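Colleague: Based on the hints, put chain B in the right spot on chain A.
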Amino acid sequence: MDYFVQQVINGLQLGFVYALIALGYTMVYGIVRLINFAHGDVFMVGAFIGLYTIERFQWPLAAVFVSAVVGCTVLAVLIEQLAYRPLRHAPKIASLITAIGVSLFLEYFTSLRQVFGPHFYSFPRPFPVVSWNWHGILVTNIQAVIFLVTTLCVLLLQFIVFRTKMGRAMRAVSFDYVTAGLMGVNVNMVISFTFGLGAALAGVGGVLYGIAYPQVNTFMGFMPGLKAFTAAVLGGIGNIPGAVLGALIMGQSETMVSAYLSSTYRDGIAFVILILVLLWKPTGILGTSRTEKV
Amino acid sequence: MKRNLFIPVLAVLLAGAFPGCKPPPGKEMKIGLITPLSGDVKTFGESVKNAFEIAVEEANAKGGVVGMKIATFIVDDRNDPTEASNAANLLINQHGVKAIVGSVTSKTTIPVSDLAQRYRIPTITGTATNPKVTVADGKRKDYMFRSCYTDSFQGTVMAKFSRDTLQAATTAILYDASNDYSKGIAEVFRDSFARMGGEVVAYESYGKDDVDFSALLTKVKVAKPDVLFLPDYYNKVGLIAKQAKEKELKAKLVGPDGWDSPELVKVAGEAIEGGYFSNHYSPEDTRPEVVNWVKKYREKFGQTPDSLGTLVYDATNMLLEAIREADSDDPGKIRDALASLKGFEGVTGKFTMDENGDPIKSAVIIQIRDGKQKFLQVVNP
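Keeping their order, the protein sequence lines are chains A and B.
In this note's numbering, each number is its position in the first sequence, counted from 1, plus 2.
In this note's numbering, each number is its position in the second sequence, counted from 1, plus 5.
Here chain A stands alone, though its shape is the one from the complex (with noise of 0.2 Å):
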């Protein structure tokens, strides 16, 4: 039993962490349906801003958070406007493939030795680890810090999508871009928001990400960006409870094959559970079909 809950602490670990990159994925799809491949990597800028806030200018952690999250909202904007703005009425393909080169871009282009250099960095812990022992069952407050920092996060989200007037803009773009053009909403701020609130989401993932995993290079965020965006198809892309909940499963199922399967069978299965969803439910686990307009 020790055993289990054990493995389910590890496994919230891992999905919250993934809940963070996936809410990204999910609202900018939902709101200009378009797969941002680049994500994974303005996640990976964040850890390194945070590298860079801890080792070399010692800030504390909650400076460390807010520079991440700043340098990225500032960096989703950017690309934003220079790759995706351009394309916006362009077929889909084009801003996908326009995604996967500004993916490619800043993995090389950070890797070279004038940016962040291409080797791997450990990253330093901006506190001493402690951990609690509870009838066998351990806790760390590294644990402690993601589980409390990423349900700050979700509920912020949830409060700026429901609770505010951008939010209230944000749902009617999504819902239908032109109609809300129409009704004087300023879709192109709306969209640069909402990439930039993804953004500063993936700067706090990465962040947490370096704590947890202390070692960051500059093509780490390819793999956790497939995870969770794998996550939030999962869970119904386009859906933002939907995303925390598709990053959850991940989480334990790849946790729990580790532990009571192979470690080999891992992405394996994790990839059949999204399959199986997928064939029951397409849209994902939470997610509702839309009729396409004509």
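Please keep in mind that the hints were generated in silico from the structure rather than gathered at the bench.
Straight line, CA to CA, 25 Å or less: simulated SDA-like cross-link-like pairs of lysine to any residue:
#	chain 1	residue 1	chain 2	residue 2
1	B	K252	A	Y262
2	B	K377	A	E57
3	B	K271	A	Q145
4	B	K255	A	V10
5	B	K355	B	K366
6	B	K257	A	L140
7	B	K188	A	F221
8	B	K213	A	I102
9	B	K377	A	P126
10	B	K271	A	V117
11	B	K255	A	F6
12	B	K213	A	S264
13	B	K252	A	T153
Quick caveat: nothing in here was measured; it's all calculated off a predicted structure.
Modeller: For chain B alone, kept in the frame of chain A given last:
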């Protein structure tokens, strides 16, 4: 524009059409080095490059080999098998090297060895320990050599050390399923440990890009092994060790030569304290070859040479020795001279090539104490 290109292209084609002619005076002996200067094992690549350059400089200071100055071509493979193939192609077909030193890790050296064999270019790696580097499917790649012992030797040595010296009854093994080096040692260690009467309580794999080992380590913790064997390179081992400590795992950490980097302690901190690993030489050894080499390297680069650099220094010197013996820059003759090398006195010991191009030599065991590598003992084959 087309016309302008024609003459240089023709010149290159003509130059390529007459290889292997007797060297005119002033001709260069071209030797290539393939090494990871960036990516996940860059400290390996850098010390290998330093060592290679020292060996070549020394030879050039004495007038080069067989009357020719040595010209070097150094290519970065980023510890990526595809890049390593490209590098070997570039060296052989573009630069026309007569011999290659490299690459550093087994997964990159295996593709290099296939190209070396295809183009018949004698190649010696200092550090790739996987058996498949020199032998594939029971067939010897006769242009491929190395100056280090193989994984089967180091896996056996560490299993014996864990059973006899550490008195371990049980072990857990975590390895990278996508890495030839890691998988090879893991298998040998598992089999040897079991053969010596120990019990393998967990044998689990992970992927190249994994960073979360909490599920695996929780599983290992429940099995309560005396020893946790981690056959991988320093970056991954550092991450695993750190998470093992957070999970309050009590097992002693044991590993192979991939641990040999100052980065290991930087990544893992106290988590790696007290760990043991097998290595190829210790800078604390008092043999004159070792003392001289450490002094030379320190003077030039201001740090103690790691065993990878040292092995490549030996590999480069073996290759140069073979060229002298062959008295020619003909790749075939250099190969024959390498294959028949006997009693070569290197920094990492005295060695003789066996029929597979693998040297017969001893290993040392190092312990990490107070964040430093401490020499523990020598193990003979």
